[in-house]
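Novice: All chains should be built: construct the whole structure from the sequences, respecting the hints.
Protein chains in written order, with our numbering: chain A, 1 to 413; chain B, 1 to 253.
The hints are simulated quantities; they were obtained by calculation from the structure and are not laboratory data.
Some hints could be false.
[To be verified] Beyond 10 Å from chain B on every Cβ pair, some chain A residues (computed):
hint	residue
1	LEU44
2	ASP50
3	ARG52
4	ALA88
5	LEU198
6	LEU202
7	LEU289
8	ALA309
9	LEU320
10	ALA346
11	THR361
[What the hints assert, rightly or not] Partner residues aside, some chain A positions facing chain B, computed with beta carbon under 7 Å:
hint	residue
12	ALA54
13	GLY114
14	GLN115
15	ARG118
16	THR122
17	ASN127
[Claimed, not checked] Some chain B residues flagged as far from chain A (calculated, every beta-carbon gap over 10 Å):
hint	residue
18	THR6
19	ASN22
20	CYS24
21	PRO38
22	ALA41
23	ALA101
24	ALA116
25	ASN125
26	ASP166
27	SER203
28	ALA206
29	THR231
30	ALA240
31	ASP241
Glycine residues also receive a C-beta, built at the ideal position from the N, C-alpha and C atoms.
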Amino acid sequence: MDERLVPRGLVRAPLSRFLLWLVPWAALLGVGLYAAYLCLAVGLNQTNMDNRFAFGLWIYLDLTVIALGAGAFFTGFLLYVMKKRELAAVINSAVVIGFICYSGAVAILAIDVGQPLRFWFTFWHPNVHSMLTEVTFCLTCYLTILAIEYLPLVLKNRQLKKRPSMLLFEFELHKVMAVFALVGTVLSFFHQGSLGGLYGVLQGRPFAFRESLAAWPSTFFLFILSAAAVGPSFVLATTWVVSKVSGRPLVKPEVFDLLARVSGSLLVVYVLAKTVDTLVWINHTSFQLGVHPARFYDFAPFGTWALFAEIVLLGLVPALLLVLPRTRRDPRILVPAAFLACAGVATNRFVMTVQTLALPTLAFDPFLSYTPSWQEVASFLAVLAYGVILYSLSFRYLNLFPQERELAAASEV
Amino acid sequence: MNAPKTPGGARYGMVIDLDKCNGCGACAVACAVENNVPPAAERANERNGITWLRVHRVEAPGEARAAFVPMMCQQCGEKTPCASVCPQNAVEVDPASGIVAQIPVRCLGCRYCMAACPYHARSFNWWDPDWPGRLTETLNPEVSTRTRGVVEKCTFCSHRLQSAQDAQAAAGGDAKPPAYTPACAEACPAGAIVFGDLDDPESEVARLAHAPGSFRLLERLKTGAKVYYRTERDWVRRLADGGTAAGDGRTHG
Numbered sequence: 001m002d003e004r005l006v007p008r009g010l011v012r013a014p015l016s017r018f019l020l021w022l023v024p025w026a027a028l029l030g031v032g033l034y035a036a037y038l039c040l041a042v043g044l045n046q047t048n049m050d051n052r053f054a055f056g057l058w059i060y061l062d063l064t065v066i067a068l069g070a071g072a073f074f075t076g077f078l079l080y081v082m083k084k085r086e087l088a089a090v091i092n093s094a095v096v097i098g099f100i101c102y103s104g105a106v107a108i109l110a111i112d113v114g115q116p117l118r119f120w121f122t123f124w125h126p127n128v129h130s131m132l133t134e135v136t137f138c139l140t141c142y143l144t145i146l147a148i149e150y151l152p153l154v155l156k157n158r159q160l161k162k163r164p165s166m167l168l169f170e171f172e173l174h175k176v177m178a179v180f181a182l183v184g185t186v187l188s189f190f191h192q193g194s195l196g197g198l199y200g201v202l203q204g205r206p207f208a209f210r211e212s213l214a215a216w217p218s219t220f221f222l223f224i225l226s227a228a229a230v231g232p233s234f235v236l237a238t239t240w241v242v243s244k245v246s247g248r249p250l251v252k253p254e255v256f257d258l259l260a261r262v263s264g265s266l267l268v269v270y271v272l273a274k275t276v277d278t279l280v281w282i283n284h285t286s287f288q289l290g291v292h293p294a295r296f297y298d299f300a301p302f303g304t305w306a307l308f309a310e311i312v313l314l315g316l317v318p319a320l321l322l323v324l325p326r327t328r329r330d331p332r333i334l335v336p337a338a339f340l341a342c343a344g345v346a347t348n349r350f351v352m353t354v355q356t357l358a359l360p361t362l363a364f365d366p367f368l369s370y371t372p373s374w375q376e377v378a379s380f381l382a383v384l385a386y387g388v389i390l391y392s393l394s395f396r397y398l399n400l401f402p403q404e405r406e407l408a409a410a411s412e413v
Numbered sequence: 001m002n003a004p005k006t007p008g009g010a011r012y013g014m015v016i017d018l019d020k021c022n023g024c025g026a027c028a029v030a031c032a033v034e035n036n037v038p039p040a041a042e043r044a045n046e047r048n049g050i051t052w053l054r055v056h057r058v059e060a061p062g063e064a065r066a067a068f069v070p071m072m073c074q075q076c077g078e079k080t081p082c083a084s085v086c087p088q089n090a091v092e093v094d095p096a097s098g099i100v101a102q103i104p105v106r107c108l109g110c111r112y113c114m115a116a117c118p119y120h121a122r123s124f125n126w127w128d129p130d131w132p133g134r135l136t137e138t139l140n141p142e143v144s145t146r147t148r149g150v151v152e153k154c155t156f157c158s159h160r161l162q163s164a165q166d167a168q169a170a171a172g173g174d175a176k177p178p179a180y181t182p183a184c185a186e187a188c189p190a191g192a193i194v195f196g197d198l199d200d201p202e203s204e205v206a207r208l209a210h211a212p213g214s215f216r217l218l219e220r221l222k223t224g225a226k227v228y229y230r231t232e233r234d235w236v237r238r239l240a241d242g243g244t245a246a247g248d249g250r251t252h253g
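Specialist: Here it is, written out as structure tokens:
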């Protein structure tokens with residue numbers, strides 16, 4: 001029925017099966033949109049956040065998806081700037097994933113702020129000293145760039161390509177794509193860093209505060225590095241999942257190998273930098289703020305195991321598995337290692353957002369916990385559902401993996 | 001870093017004597033009434049209600065007498081944690097008075113300032129403010145009400161400073177910073193709160209702030225708070241800086 005829209009040479013499931021796949025996600029999206037409506041119409045009292053837990057599930061997951069979405073900018077950087085041509089096989093998918101991650105994060109932010117209609121105030125009278133201003137500017141610009149990068153994929157659709165104007169527009173866009181990739185990379189570096197800086201500058205939160213290197217706290221650089229390291233792993237993991245779900249080989253093993261090598265190498269650098277940063281924080285920064293670092297881990301459930309899990313189990317272990325050729329080339333190790341790396345960055349963002357706020361600063365303040373409300377969970381699941389639906393539509397009607405046709409033909413032979 | 005102090009300006013602050021405070025809460029009530037803090041919503045609790053000033057009860061093992069610590073915005077000085085993080089300048093430090101102002105009409109409700117405040121002195125409007133029935137008649141016309149989705153906090157009753165400045169100007173008075181009293185200090189039956197210009201060496205508040213036994217909460221974070229506390233009880237002082245009453249040398253973070 002919709003064969004005319006499916007790219008030539010690609011085999012896709014029958015439309016009825018595709019629609020059946022979309023139904024549960026659409027239902028989830030519907031529930032999430034209702035929850036988001038409640039938060040916007042009735043107010044943020046629909047959440048379980050409070051004056052102590054001013055940030056909750058949404059900010060934590062926003063930071064995580066933005067880090068995972070870094071695969072888009074970093075793959076673009078490797079392909080267009082570092083000339084790693086093999087990555088042309090996944091760049092389209094990386095752009096779609098990046099667009100989903102960033103647009104989803106912005107949508108959640110629009111619900112999370114108390115006065116979303118005042119979003120333009122930040123552009124009108126910005127506080128240039130605030131990390132959040134930097135985040136807002138870079139995020140807005142980069143989402144625009146991702147939309148521009150997504151556009152040529154859509155314009156390449158079989159039916160749209162029949163219009164000469166669309167074809168010409170796509171051709172012209174393609175010529176300047178390297179420029180967008182470069183600008184996107186710069187913007188991404190800044191907002192990933194600014195997201196880290198958001199917490200690193202909090203002098204009133206000794207658990208998160210870090211000393212400055214140049215104008216930025218060390219978390220600025222650590223967030224950039226961790227996002228760049230984990231982005232390729234997320235591209236690898238999602239490509240593997242799509243390949244399994246669709247039952248089709250999508251990229252050659254060399255592409256996975258390159259993604260894993262890049263991710264692993266950067267992860268090794270990140271783990272080293274994070275270790276040095278932690279040692280400086282334990283031995284210097286926290287004492288300077290008058291806090292014994294062991295105190296941070298006095299509160300259950302945030303014992304020192306959290307630090308160990310973040311740096312060793314979900315940092316060093318996947319880094320080594322991805323960087324060593326023998327383990328990297330074993331698919332039974334490669335994919336779990338990529339997932340572990342993604343879990344590592346999620347843990348880091350959790351520690352920076354939730355643990356920071358959970359710890360008391362005043363001696364007579366209790367340690368408080370927080371459980372998100374169903375509205376918070378459902379709103380975020382809506383982003384997941386939106387992502388799956390948009391990605392599924394893109395996979396079905398756009399040529400996300402240029403090697404798919406070749407691999408399909410080879411497997412038929 | 002905040003703008004330098006205006007020449008001839010003031011640096012308003014207060015000293016709270018914890019040995020005089022009996023925890024009656026009159027300051028908190030007076031503050032709420034003066035500043036149009038709405039009645040708590042039906043589902044509100046101590047964690048999501050609006051409290052510009054709350055009184056902590058602090059106890060220690062072996063100590064017969066509890067201490068009560070009135071907590072409001074500590075009006076941080078040199079490096080105000082909330083002002084530097086607000087993305088749209090909704091928090092400003094007045095260089096003429098040192099008062100950290102919150103501008104609700106600019107606030108996006110991102111709550112970054114709340115995450116930055118080590119004293120948890122800021123409240124978010126999780127609900128639409130509502131004064132049922134004729135309670136609207138109790139509203140103070142000199143203080144604007146806030147809307148849902150914005151952050152608010154103690155302003156040292158800056159509207160009273162404006163009134164004092166207006167009265168001074170009308171009387172043709174000198175350019176000296178006027179004296180005024182916030183609602184909490186006025187309401188305290190024990191006279192535990194002393195308010196004034198910390199930079200005026202002749203003022204009672206300046207004398208008490210620098211007297212032995214005076215301290216600021218979380219002094220180690222160097223926020224330059226303009227709210228001082230006083231007590232002769234060592235364990236209260238240790239707790240105030242984030243330590244334990246027993247003074248084991250390890251402090252909270």
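Novice: Each hint should be assessed against the structure and marked as holding or not.
Specialist: Results of checking the hints against the structure:
Once the 10 Å rule is applied to beta carbons, LEU44 (chain A) is inconsistent with being away from chain B; the minimum gap is 5 Å. The Cβ of ASP50 (chain A) sits about 4 Å from the closest Cβ of chain B, inside the 10 Å cut-off, so the non-interface label is violated. Non-interface status of ARG52 (chain A) relative to chain B is broken: a Cβ of that chain comes within 10 Å, the nearest being about 6 Å off. Listed as outside the interface, ALA88 (chain A) is consistent with that label: its C-beta sits roughly 38 Å from the nearest C-beta of chain B, beyond the 10 Å cut-off.
With a minimum CB-CB distance of about 7 Å to chain B, LEU198 (chain A) fails to clear the 10 Å threshold, and the non-interface call is violated. Separation of LEU202 (chain A) from chain B is inadequate, the least Cβ-Cβ distance of about 5 Å not exceeding the 10 Å criterion. Listed as outside the interface, LEU289 (chain A) is inconsistent with that label: its C-beta sits roughly 6 Å from the nearest C-beta of chain B, within the 10 Å cut-off. No beta-carbon of chain B comes within 10 Å of the beta-carbon of ALA309 (chain A); the shortest separation is about 20 Å.
Remark: the non-interface label on LEU320 (chain A) is consistent with the geometry, its nearest Cβ contact in chain B lying 32 Å away (cut-off 10 Å). The non-interface label for ALA346 (chain A) is consistent with chain B: the shortest C-beta to C-beta separation is roughly 20 Å, beyond 10 Å. Under the 10 Å C-beta cut-off, the non-interface status given to THR361 (chain A) relative to chain B is violated; the minimum distance is some 4 Å. The interface hint given for ALA54 (chain A) is met, as the beta carbon of that residue sits about 4 Å from the closest beta carbon of chain B, less than 7 Å.
With 7 Å as the threshold, the beta carbon of GLY114 (chain A) comes within range of chain B, its nearest partner Cβ sitting at about 2 Å, so the hint holds. Below 7 Å, beta-carbon pairs count as interface contacts, and GLN115 (chain A) has one with chain B at about 5 Å; its hint therefore holds. Interface restraint check: ARG118 (chain A) against chain B, minimum CB-CB distance 5 Å, threshold 7 Å, status holds. Taken as an interface hint, THR122 (chain A) checks out: its beta carbon lies about 5 Å from the nearest beta carbon of chain B, inside 7 Å.
Here the hint on ASN127 (chain A) is kept, as its CB sits about 5 Å from the closest CB of chain B, short of 7 Å. No Cβ of chain A comes within 10 Å of the Cβ of THR6 (chain B); the nearest lies about 20 Å off, and the non-interface call holds. Non-interface call for ASN22 (chain B) relative to chain A: holds, since the shortest CB-CB distance, roughly 17 Å, exceeds 10 Å. Consistency note on CYS24 (chain B): stated as away from chain A, and its beta-carbon is indeed over 10 Å from all of that chain's, at 18 Å minimum.
At the 10 Å boundary, the C-beta of PRO38 (chain B) stays outside the reach of chain A, the nearest C-beta of that chain being 13 Å off. At roughly 7 Å, the least C-beta separation between ALA41 (chain B) and chain A is not larger than 10 Å, which violates its mark as non-interface. Non-interface call for ALA101 (chain B) relative to chain A: holds, since the shortest CB-CB distance, roughly 14 Å, exceeds 10 Å. Not every CB of chain A is more than 10 Å from the CB of ALA116 (chain B) (nearest about 5 Å), against its label as outside the interface.
The non-interface label for ASN125 (chain B) is inconsistent with chain A: the shortest C-beta to C-beta separation is roughly 7 Å, within 10 Å. ASP166 (chain B), annotated as away from the interface, keeps every beta carbon of chain A farther than 10 Å; the closest lies near 27 Å. Separation of SER203 (chain B) from chain A is adequate, the least Cβ-Cβ distance of about 28 Å exceeding the 10 Å criterion. Distance check on ALA206 (chain B): its Cβ is at least 26 Å (rounded) from any Cβ of chain A, clearing the 10 Å threshold; non-interface status holds.
Remark: the non-interface label on THR231 (chain B) is consistent with the geometry, its nearest Cβ contact in chain A lying 13 Å away (cut-off 10 Å). A beta-carbon of chain A is positioned within 10 Å of the beta-carbon of ALA240 (chain B); the least distance is around 7 Å. Listed as a non-interface residue, ASP241 (chain B) fails to keep its Cβ farther than 10 Å from every Cβ of chain A; the least gap is roughly 7 Å.
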